[in-house]
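Participant: Sequence:
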Amino acid sequence: METDQLSRRAVMGGLASLVCAGAGPARAVAAESPGEIRIAFVGDSLSDGMWGGVTRLAAREACLGGRVKLGRFAENGTGLTRPAKFDWVSESKAVVAKFKPTLSVVSIGLNDRQSIVDASRARFDLGTPAWRTRYTELCQAMARNLRAGEAGVVWIGLPVLRDAAAQDDAAEKNAIFAEAVKGLGDPKVRFVAPWRLGSAGPDAFQPYGPDLRGAQVQLRAADGIHFTTAGYDVVSAYLLAAVAGVLKEQGHAIGTPCRMQQAHR
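If you're matching positions, the sequence shown starts at 8 in our numbering and goes up one per residue.
One thing to keep in mind: the hints can contain errors.
[To be verified] Straight-line distance between alpha carbons at most 30 Å, and here's what the computed DSS-like set of lysine-lysine pairs gives: (1) Lys189 <-> Lys107; (2) Lys107 <-> Lys195; (3) Lys107 <-> Lys255; (4) Lys100 <-> Lys189; (5) Lys195 <-> Lys105.
[What the hints assert, rightly or not] Have a look at the derived ranges for each label pair, beta carbon to beta carbon: (6) Glu157 <-> Gly190: 19 to 27 Å; (7) Gly156 <-> Arg67: 27 to 35 Å; (8) Thr135 <-> Lys92: 18 to 26 Å; (9) Tyr215 <-> Gly190: 36 to 44 Å.
Worth flagging that the hints you see were computed from the coordinates, not collected in a lab.
Given the structure is predicted, the values throughout are model-derived calculations rather than measurements.
Ideal placement from N, C-alpha and C gives every residue a C-beta, glycine not left out.
Let's have the full structure, built from the sequences with the hints guiding it.
Facilitator: Rendered as structure tokens:
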């Protein structure tokens with residue numbers, strides 16, 4: 008399947024049930040409404056970029072009304088390895104208490120290429136079995152907290168990175184994320200493989216590719232890590248397909264895309 012075909016299909020499937028109501032930093036959260044779908048974005052700068060992408064994509068589907076609210080809780084420069092700086096295990100509880108998400112989207116790990124120093128000042132050196140074990144525990148603790156009640160969790164892996172050493176680290180973390188989610192044994196917590204430009208062969212960093220309209224544009228930012236606005240839109244379209252599938256399994260109806268509704272009038 009070509010990338011632009013995948014993106015368009017993801018938009019049609021994902022946006023079938025999603026629309027942003029009151030998009031903007033969700034630091035102050037309105038009261039929950041009956042039947043409302045609330046999606047929290049947590050993690051680092053990649054998660055924040057995907058929040059922006061989903062916000063833009065959902066806003067184009069005005070006929071869907073205001074059923075879905077998007078919560079912007081990601082914090083740039085944060086991770087799981089230095090809770091003294093920012094403690095995502097504790098913060099995930101606060102997100103659930105404040106926002107009461109139907110589903111949380113997690114993207115984290117960019118800033119975790121370092122030793123773990125936990126709250127007790129215990130140190131776990133990067134690259135050791137003890138580090139991997141502790142990092143897995145932290146991932147699972149964060150997921151459990153976000154999973155409170157009937158909420159679901161979609162944990163998306165890190166995309167391919169330009170720097171070889173950074174990419175090796177990202178690939179290792181994706182394996183840990185998948186292992187951590189599997190170890191929970193909870194069907195409402197899902198690991199989603201990262202978006203990739205091509206569907207066949209080894210994944211490789213490429214700065215340019217088709218946007219949602221099929222035009223060749225710059226998708227990756229100059230730092231070799233993040234995405235451009237167009238790139239985040241493509242990644243978010245991919246993510247929305249997974250989110251819509253999980254929401255459907257939670258019993259939330261999947262509607263018909265606006266364009267198709269209008270065509271049948």
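Participant: For each hint, tell me whether it holds in the structure or not.
Facilitator: Taking the hints in turn, this is what the structure says about them:
no.: 1; hint: Lys189 <-> Lys107; in the structure: holds, 24 Å
no.: 2; hint: Lys107 <-> Lys195; in the structure: holds, 16 Å
no.: 3; hint: Lys107 <-> Lys255; in the structure: holds, 18 Å
no.: 4; hint: Lys100 <-> Lys189; in the structure: holds, 21 Å
no.: 5; hint: Lys195 <-> Lys105; in the structure: holds, 20 Å
no.: 6; hint: Glu157 <-> Gly190: 19 to 27 Å; in the structure: holds, 21 Å
no.: 7; hint: Gly156 <-> Arg67: 27 to 35 Å; in the structure: holds, 31 Å
no.: 8; hint: Thr135 <-> Lys92: 18 to 26 Å; in the structure: holds, 21 Å
no.: 9; hint: Tyr215 <-> Gly190: 36 to 44 Å; in the structure: holds, 38 Å
The structure meets every hint from the earlier list without exception.
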